[in-house]
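Assemble the whole structure, with the sequences as input and the hints as a guide.
Now for the letters of each chain:
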Amino acid sequence: MLQSVAERLLLLVILLAALTGCGSSDDSQDAISILNVSYDATRELYREVNAEFAAQWRRETGQILTIKQSHGGSGSQARAVIDGLPADVVTLALAYDINSIHRNGKRLAPNWQTRFPRDSSPYTSTIVFLVRAGNPKNIRDWPDLGRADVEVVTPNPKTSGGARWNYLAAWGAVLYRELGGDWSKLDDPAATEEVAAAQAAAREFVTGIYARAPVLDSGARGATNTFVQRNIGDVLLAWENEALLALETLGHDHVEIVVPTVSILAQPPVAVVDTVVDRRGTRQVAEAYLRFLYTPTGQELAAKHYFRPTDPEVLARHRDKFIELELFTIQTAFGGWDKAHETHFADGAIFDQITGVRR
Amino acid sequence: MAIGADKEMLAELARRPGRDTLTSAIVKGAFITVSLLFLAALLFAPLITVFATALEKGFDVYISSFKDSDTLAAIRLTLTVAAIVVPLNTIFGIAAAWAIGKFEFRGKSVLITLIDLPIAVSPVISGLIYVLLFGIHGWFGLWLQENDISIIYAVPGIVLATLFVTFPYVARELIPLMEQLGNDEEEAAITLGAGGLMTFFHVTLPKIRWGLVYGVILCNARAMGEFGAVSVVSGHIRGLTTTMPLHVEILYNEYNFVSAFAVASLLTLLAVVTLVIKTFVEWRGYRKR
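So the protein lines, in turn, are chains A and B. Counting in the working numbering, the first sequence runs from 1 upward without gaps. Counting in the working numbering, the second sequence runs from 1 upward without gaps.
Derived from the structure by calculation, the hints contain no laboratory data. Here the structure is a predicted model, which is why all the values come from computation and not from measurement. Think of the CB as a built atom: it goes at the ideal place given N, C-alpha and C, for glycine as much as any other residue. Heads up, none of these hints are tricks.
For the chain B half of the interface with chain A, some residues (derived, Cβ under 7 Å), not all of them: (1) V131; (2) G135; (3) I136; (4) Y153; (5) G235; (6) H236; (7) I237; (8) R238; (9) L240; (10) N253; (11) E254; (12) Y255.
Here are a few chain B residues that sit away from chain A, every Cβ distance over 10 Å (derived from the structure): (13) E56; (14) P123; (15) G225; (16) L269; (17) L275; (18) V281.
As structure tokens, then:
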């Protein structure tokens with residue numbers, strides 16, 4: 001009896017091995033594959049982009065292209081690439097994460113952001129408000145978030161890329177109002193006092209938001225679930241694409257979107273990872289893949305998945321979806337990602353100081 | 001006289017179902033009720049939720065969630081990992097238990113402690129040690145890259161991490177059994193002229209088989225269900241390096257609740273089957289003794 005059990009187990013193992021053996025594809029000359037390492041919010045977008053581009057690549061070159069896809073929090077995905085995840089291209093949530101791939105291990109050139117048009121950001125997004133259906137707290141614009149009776153849901157900027165955009169959007173919106181929309185004052189020595197007052201007002205506003213925040217989730221999807229599924233808080237600060245997706249998938253009868261008058265221009269950047277494409281010989285296809293995102297087809301797909309196209313013509317066709325508002329970049333309001341990180345999110349920087357008040 | 005009275009009283013107490021036994025009946029009932037309520041709230045309710053959500057949109061939708069190629073790939077990867085890990089750890093477990101149970105040697109207690117290590121450390125650490133070893137900045141990272149070998153963010157890394165985490169299960173099950181059974185029968189077999197292999201297959205294996213089956217089942221369940229360690233070394237490449245538990249998380253994050261719970265229900269079924277086999281094995285083992 002024992003022997004028959006052993007024999008059966010052996011047979012099972014052989015069967016399983018055979019089963020898995022069938023699954024592995026052979027490396028013929030006409031087949032090529034690349035790996036796109038991306039962040040959470042782009043899953044739906046790249047599923048379609050990949051199918052479309054693979055078909056086009058086959059028509060043009062005859063090669064069968066497989067695009068493998070990995071998603072996760074932007075920061076941890078960058079960490080994985082630094083540790084050796086062989087990404088041919090990275091399409092992350094913020095330039096800071098791609099900068100850190102350069103800093104730790106030099107896997108791509110320092111000038112990566114100038115290699116593709118428009119700061120290497122084929123599509124953009126912004127930060128908007130998601131409120132309960134009917135907008136019971138009557139939240140219209142940023143100042144309403146400073147009210148004592150309004151609880152704001154936002155993830156933790158220490159762990160979430162989206163949360164950093166939220167934080168900087170809130171901060172920048174106050175600067176914009178206090179400076180009367182004139183960003184040049186930030187660099188104007190004559191306006192030093194006015195700028196200092198504006199920064200102090202921004203700090204007070206942001207401190208209030210985090211003091212009243214009921215929870216700080218670790219990621220953007222987690223915060224969306226806190227707001228929508230667990231019914232916590234009055235307003236969710238969210239990527240416009242996440243807010244529109246949540247609205248589509250979870251229903252219009254629960255939540256609605258409020259677009260503020262001014263917000264940050266969120267630019268999720270893309271880059272080719274030099275060391276990987278040179279080793280694997282995939283530079284040509286990887287660059288073509290990223291350039292495809294800028295074509296009208298790629299731009300239409302971005303719009304379909306709620307990212308703002310950067311091609312003005314395509315954007316004009318989707319104006320009903322993407323409401324016009326005043327947008328400022330991280331460069332104009334904060335002097336770029338590295339500086340913003342140092343001032344606001346590094347250990348002991350402003351975010352630590354203002355949340356320390358709460359403890 | 002006094003002693004006799006005491007004896008009588010004790011005998012009387014033993015015979016009569018008094019107040020003490022009544023209290024203990026209430027206590028017994030209370031304990032059973034509390035345990036059952038606890039089980040119902042913490043175990044059965046979530047179990048039912050898994051299947052209810054999976055079948056929310058009907059059986060056809062449930063079945064069609066398994067037709068997705070990424071889901072199939074995740075199931076296939078999980079089976080592959082288990083098919084590699086479980087036999088290896090079975091061989092290791094028998095060898096370790098044999099060494100510990102049948103021989104005396106220096107450093108034996110150190111070996112026993114080391115076998116327990118994977119249970120003691122957090123799975124995240126188990127994954128990170130492989131990143132530190134085989135990552136591009138790790139000890140072997142550059143050499144691996146020059147020779148075009150991928151370990152982490154590929155199937156070998158997932159197998160290694162799972163191997164590490166499920167290391168102790170077979171060994172822990174067999175060590176007490178081997179120690180308890182002693183060497184007498186093996187010594188008799190060898191005296192009668194049996195070789196090492198023959199002694200193992202005809203004397204030792206039949207004695208330990210139920211313990212072995214039990215260990216293998218637990219090892220398999222953990223190998224298929226491991227999330228933390230695998231998550232660290234996986235790289236989350238869809239259809240390539242996502243196992244079933246990782247795929248459940250991915251589907252859930254994509255608002256694809258039915259598919260997420262459908263795959264989860266498969267893992268739950270595995271757990272239920274494991275429990276049934278475990279009960280059967282315990283019952284068989286008990287009856288044999």
